[in-house]
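*Asks:* Sequence:
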Amino acid sequence: MDERQNLIDFQKKIGYSFKDEKLLYEALSHSSFANENKKHRNSNERLEFLGDSVLSIVVSDYIFEHFRHLPEGELTKLRASLVCEKALFEFSKKIQLGRYIFLGKGEEMTGGRERASIVSDAMEAVIAAIYLDGGIEAARRHIMNFLPGDITPEHTTTFHDYKTVLQEIIQKNPEEKIEYFLKDESGPDHDKKFTVQVLLNSNVIGTGTGRSKKNAEQNAAKEALELMGYAAQ
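Throughout the sequence shown, residue numbering follows the working numbering, covering 17 to 249 in sequence.
Worth double-checking, as some hints may not be accurate.
[Said to hold, decoys possible] Calculated cross-link-like contacts (lysine-lysine; reagent style DSS-like; alpha-carbon spacing at most 27 angstroms):
#  : residue 1 : residue 2
1  : K29       : K102
2  : K28       : K199
3  : K54       : K35
4  : K121      : K110
5  : K208      : K54
6  : K188      : K209
7  : K193      : K93
8  : K102      : K28
9  : K110      : K193
10 : K193      : K54
11 : K28       : K109
12 : K209      : K199
13 : K38       : K28
14 : K209      : K109
Since the hints were made in silico from the structure, they are not lab data.
Turn these sequences into a full structure, and let the hints guide you.
*Replies:* Here it is, written out as structure tokens:
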């Protein structure tokens with residue numbers, strides 16, 4: 017892979033030119049690639065963390081302004097359906113993001129470019145890179161290229177957001193606090209498994225595993241709901 021050409025092509029694809037291409041370099045670098053090139057590369061995990069928040073605030077602002085009739089709970093569900101792993105994976109297909117990600121050999125051989133967890137994480141990392149390079153408005157323009165033009169509250173039916181359901185139940189008691197804790201991360205880079213615990217006031221109320229941290233968190237919330245006697249729809 018010609019890394020320099022890869023960066024040039026991707027910037028053309030998204031219609032944004034980076035002032036600091038190192039940010040894009042990092043955003044496209046999966047941990048499997050970074051581990052094979054430790055002296056030269058950081059993975060995109062830190063940028064993914066930031067991009068998740070930038071995406072959330074941009075989408076929150078948009079639906080807050082365009083769905084003034086919806087109560088807070090419905091806005092939360094709508095946002096969740098637009099920023100979940102499944103939605104991000106679909107968004108990424110518009111720019112063929114998978115083909116531009118830098119992957120380690122093992123991940124390349126096992127179809128990492130088509131793995132939703134890898135591509136959706138890279139999508140968030142790219143958002144963060146644009147935000148750091150060009151500010152919130154540049155990030156907003158990039159994100160708005162992907163949001164469906166026909167968003168309706170019915171989008172919430174396409175994604176079961178157990179984390180939001182659990183949060184809505186718990187927040188009825190303001191003194192209660194929900195946290196998610198990464199308990200274990202195992203497996204090679206191309207076949208990771210994450211185990212997450214959900215804690216209520218420091219007490220474990222659910223555990224979940226998944227191929228991504230987001231998926232593991234959803235499964236932990238689902239188990240917590242089931243143990244609390246709620247049907248996880």
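*Asks:* Could you run down the list of hints and mark each one as holding or not?
*Replies:* Hints, one by one, checked against the model:
no., hint, result
1, K29 <-> K102, "holds, 21 angstroms"
2, K28 <-> K199, "violated, 40 angstroms"
3, K54 <-> K35, "holds, 24 angstroms"
4, K121 <-> K110, "holds, 25 angstroms"
5, K208 <-> K54, "holds, 19 angstroms"
6, K188 <-> K209, "violated, 33 angstroms"
7, K193 <-> K93, "holds, 19 angstroms"
8, K102 <-> K28, "holds, 25 angstroms"
9, K110 <-> K193, "violated, 38 angstroms"
10, K193 <-> K54, "violated, 38 angstroms"
11, K28 <-> K109, "holds, 15 angstroms"
12, K209 <-> K199, "holds, 11 angstroms"
13, K38 <-> K28, "holds, 16 angstroms"
14, K209 <-> K109, "holds, 24 angstroms"
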